[in-house]
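Number of protein chains: 2
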Amino acid sequence: MNVPPVCYSHKRNRITDSPISYFMKMALENPHLISLAAGLVDEGSLPAAAIARATDSILGNPATAKAALQYGTTQGNASLRDRVLRHICAMDGVTPEAINLSANDVVLTTGSQQLLYLVGEILLDPGDIVITEAPSYFVYHSLLQTMDVRVLTVPMDGEGMDLQALEERLHHLEKTGQLDRLKLIYTVDYFQNPTGLSLSTPRRQKLVELAKRYSTKHRILILEDAAYRELRFEGPDLPSIKRYDETNEFVISSYTFSKPCAPGLKIGYGLMPQELVGPIVDLKGSHDFGSSNFSQVIIERLMQTGEYHQHVEELAKTYRRKRDAMLAALQSNFSDWPEVRWTTPAGGLYVWLSFPESINTGPEGTLVGKGVEEGVLYVPGEFGHVAVEGNVPTNEARLSYGVVTVDRIPEAIRRLRRAADQLGLSPQPLESAHQPELVG
Amino acid sequence: MNVPPVCYSHKRNRITDSPISYFMKMALENPHLISLAAGLVDEGSLPAAAIARATDSILGNPATAKAALQYGTTQGNASLRDRVLRHICAMDGVTPEAINLSANDVVLTTGSQQLLYLVGEILLDPGDIVITEAPSYFVYHSLLQTMDVRVLTVPMDGEGMDLQALEERLHHLEKTGQLDRLKLIYTVDYFQNPTGLSLSTPRRQKLVELAKRYSTKHRILILEDAAYRELRFEGPDLPSIKRYDETNEFVISSYTFSKPCAPGLKIGYGLMPQELVGPIVDLKGSHDFGSSNFSQVIIERLMQTGEYHQHVEELAKTYRRKRDAMLAALQSNFSDWPEVRWTTPAGGLYVWLSFPESINTGPEGTLVGKGVEEGVLYVPGEFGHVAVEGNVPTNEARLSYGVVTVDRIPEAIRRLRRAADQLGLSPQPLESAHQPELVG
Ligand SMILES: Cc1ncc(COP(=O)(O)O)c(C=O)c1O
Ligand SMILES: Cc1ncc(COP(=O)(O)O)c(C=O)c1O
Numbered sequence: 001m002n003v004p005p006v007c008y009s010h011k012r013n014r015i016t017d018s019p020i021s022y023f024m025k026m027a028l029e030n031p032h033l034i035s036l037a038a039g040l041v042d043e044g045s046l047p048a049a050a051i052a053r054a055t056d057s058i059l060g061n062p063a064t065a066k067a068a069l070q071y072g073t074t075q076g077n078a079s080l081r082d083r084v085l086r087h088i089c090a091m092d093g094v095t096p097e098a099i100n101l102s103a104n105d106v107v108l109t110t111g112s113q114q115l116l117y118l119v120g121e122i123l124l125d126p127g128d129i130v131i132t133e134a135p136s137y138f139v140y141h142s143l144l145q146t147m148d149v150r151v152l153t154v155p156m157d158g159e160g161m162d163l164q165a166l167e168e169r170l171h172h173l174e175k176t177g178q179l180d181r182l183k184l185i186y187t188v189d190y191f192q193n194p195t196g197l198s199l200s201t202p203r204r205q206k207l208v209e210l211a212k213r214y215s216t217k218h219r220i221l222i223l224e225d226a227a228y229r230e231l232r233f234e235g236p237d238l239p240s241i242k243r244y245d246e247t248n249e250f251v252i253s254s255y256t257f258s259k260p261c262a263p264g265l266k267i268g269y270g271l272m273p274q275e276l277v278g279p280i281v282d283l284k285g286s287h288d289f290g291s292s293n294f295s296q297v298i299i300e301r302l303m304q305t306g307e308y309h310q311h312v313e314e315l316a317k318t319y320r321r322k323r324d325a326m327l328a329a330l331q332s333n334f335s336d337w338p339e340v341r342w343t344t345p346a347g348g349l350y351v352w353l354s355f356p357e358s359i360n361t362g363p364e365g366t367l368v369g370k371g372v373e374e375g376v377l378y379v380p381g382e383f384g385h386v387a388v389e390g391n392v393p394t395n396e397a398r399l400s401y402g403v404v405t406v407d408r409i410p411e412a413i414r415r416l417r418r419a420a421d422q423l424g425l426s427p428q429p430l431e432s433a434h435q436p437e438l439v440g
Numbered sequence: 001m002n003v004p005p006v007c008y009s010h011k012r013n014r015i016t017d018s019p020i021s022y023f024m025k026m027a028l029e030n031p032h033l034i035s036l037a038a039g040l041v042d043e044g045s046l047p048a049a050a051i052a053r054a055t056d057s058i059l060g061n062p063a064t065a066k067a068a069l070q071y072g073t074t075q076g077n078a079s080l081r082d083r084v085l086r087h088i089c090a091m092d093g094v095t096p097e098a099i100n101l102s103a104n105d106v107v108l109t110t111g112s113q114q115l116l117y118l119v120g121e122i123l124l125d126p127g128d129i130v131i132t133e134a135p136s137y138f139v140y141h142s143l144l145q146t147m148d149v150r151v152l153t154v155p156m157d158g159e160g161m162d163l164q165a166l167e168e169r170l171h172h173l174e175k176t177g178q179l180d181r182l183k184l185i186y187t188v189d190y191f192q193n194p195t196g197l198s199l200s201t202p203r204r205q206k207l208v209e210l211a212k213r214y215s216t217k218h219r220i221l222i223l224e225d226a227a228y229r230e231l232r233f234e235g236p237d238l239p240s241i242k243r244y245d246e247t248n249e250f251v252i253s254s255y256t257f258s259k260p261c262a263p264g265l266k267i268g269y270g271l272m273p274q275e276l277v278g279p280i281v282d283l284k285g286s287h288d289f290g291s292s293n294f295s296q297v298i299i300e301r302l303m304q305t306g307e308y309h310q311h312v313e314e315l316a317k318t319y320r321r322k323r324d325a326m327l328a329a330l331q332s333n334f335s336d337w338p339e340v341r342w343t344t345p346a347g348g349l350y351v352w353l354s355f356p357e358s359i360n361t362g363p364e365g366t367l368v369g370k371g372v373e374e375g376v377l378y379v380p381g382e383f384g385h386v387a388v389e390g391n392v393p394t395n396e397a398r399l400s401y402g403v404v405t406v407d408r409i410p411e412a413i414r415r416l417r418r419a420a421d422q423l424g425l426s427p428q429p430l431e432s433a434h435q436p437e438l439v440g
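As given, the protein sequences belong to chains Y and D, one line each in that order.
Each residue of the first sequence is one higher than the one before, counting from 1 in the UniProt record's numbering.
Each residue of the second sequence is one higher than the one before, counting from 1 in the UniProt record's numbering.
Incorrect hints may appear among the rest.
As the list makes no split between identical chains, a pair holds if one copy fits it or if it spans any two.
What the hints assert, rightly or not - Here are the computed lysine-lysine pairs in the BS3-like style, where the Cα-Cα straight-line distance is at most 27 Å: (1) LYS175 to LYS217; (2) LYS212 to LYS317; (3) LYS25 to LYS66; (4) LYS212 to LYS11; (5) LYS175 to LYS66; (6) LYS66 to LYS212; (7) LYS25 to LYS175.
These are calculated hints, taken from the structure and not from any lab test.
The whole structure should be built from the sequences, with the hints applied where relevant.
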């Protein structure tokens, strides 16, 4: 019998598989590979013992067990909402009232990814414009593509998003009558995925001012993706962008427990203008009417006992050691090659590596394959870019020290150098054994 | 300063809050109320001890702890996907191969609600048609409204969806050139929410035949929502609709651990044609790239040890006792009123009660308020209906014995009768104290 085809929605035709699924598959199929590509977290420091204590105590008491295993609410556990609000405000050194926030302005979600999706769904129509950093979090780019949104990008420098370039963009949109399609400015403002860069303090305030200034007919909202904020191992904690939105009208802040606690629990949260809460919660009512309540109650317990905060402190030390190992390995393997440069993140999970332009790090290039041969995986920098106007750089790579153990980092970077050497463009191969014909 | 308004998406304007949020609020604010409205599950039987054993064993071993607390995959834990596949096929008395299913055709989601949403998103464009039973699961109706879909309904009888009426609908759509907009037929085929009715075995096979017969140019898919299948306390287990889709091309089956295990874990799953898996998983990549991995690993453990199956067996007995209590209370409180009728569910959580047409059970009627005064809440039957052509019945009510304790059920039904008596339309008030002027 001839079975007629499934007739998909228009949206389905805009959905693509994750660009890194190929790399995930690679890593699974080649266990000898050292993956600097995976967005996974450090496994040795996952707070298994603290979570075991929490589950025992929750499940050992009939009342708390019932509350944890029953359905929760769509907006999320009220006590956890209150705790995260106070937690964020404490980091910012303000009271919730001072920036017009209450636990009613908090929504708990299935990781912060779900918050990004829900925000997109209630705000964005096909053809609307979102401004992001170049490069930016590639899963967010897929999300915007699914929603048929126009992405405009703004370059970054050592202080994060270049606000002068942003202002030019805004001005140009205004002049060309397109400002009414601009709904969101998205920024990963702490130890960005993929570059490791952060938005400087002066720019935080300025960004809010810019959004306000250009909100002439409708509100241009800022989506502050602070996923990595708590993984800080150096320097002072920068105030959130939200902190400068004192009336709680322009900034949606997105946080997660995946990075600072445990991604297996998959709980994130947003702080947002009150008028967005209703639409987001109502929409979430159709998505799932509430993320795992058990996960929420576990996290609530960890915050209550103080174990969450202790854990984050320890974790930052772990990642600092890993970052140090990676920077040292880059230094010893690439210092003879001055055109190769990398960022020095003060937190988070990523180092951004730039090769000379002649080296193509992308899926079409040869480095990635040579890397697999040598036994190392990275994420091509291309995946963090969108082709808006002109070309995207093809000589960058995201290196993550998230899941790789600290002792394997030097070998991973050695392999990367060996792979690069095979392209015949490096100043001098460090290991001649592999490519003797290139020596001398 | 005058702040300009947020400019929402078109979708946002179609999102409404849950019709029962009013009732939830009521119940919270009036703790003396007995709620037969809540869709919550029995709390005394939640498997807290089994889950505590599972978490201890998972978290007590470093390897399993890491695997559970790390990110999982977007499609979901492979071992759990395999187990649920074999579990469902065992209930159906077939091998997975016999109906062309493998663990690759299974997707794990944040409750089965998320599966319903994802299926809708990849299939439905505004203006597309979905056929549902009348009445049906009201959260699904909200979801369809959010997606701007046209809902056509088919009445039910004691054997579930009336397939003759369905065939007439299909025939009419074909004749009027609208068949190409019909994407899905949605049925809650086991102990339906809200009526408690099930689709009879002969109709299951017939439904698949009808979908095939009318799939002339594109495929008309059946979405089998089997959320309550395992909560069966009477009669044989009916084969799934999926069981008759031997080539795995026409039926998406949706299941959940919320009802038979613990809604706090919020894990559901779908078995579906292979070609839908890619689009669903890719879309889920933007939603959250995976539901709580910890919840999945806990459930996997419960299935592995056999505790899941033991639990379901015990749970069915609990709900049977509660159903019996509710039927007995209805009998003793309403048997003098022959126009009041109710269903006798063989599983699930719901009894469907019909009053004479003169009694308005809806949010605009007086019974609901009198119920609150007397201290009992139900869900107005109206919420399960969509106004398609003509009026929807306003004399029905969904009574749930899910969360109410068995000892309070008689009092809840007594209160309902007292509330009904206050409308002055019942044959004779059972309790004269409240309404002396109506007596005699
Ligand atoms: C910048 C950024 N935002 C959001 C997320 C989403 O993570 P989760 O949904 O686990 O919170 C990630 C995950 O890698 C990320 O890198
Ligand atoms: C018919 C039906 N389908 C699906 C669901 C979704 O439940 P969950 O997402 O917890 O699996 C429910 C919940 O009440 C339901 O009644």
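*Against the earlier hints, flag every one the structure doesn't satisfy and list their numbers going up.*
When the structure is compared with the hints, numbers 2, 5, 6 and 7 turn out to be violated.
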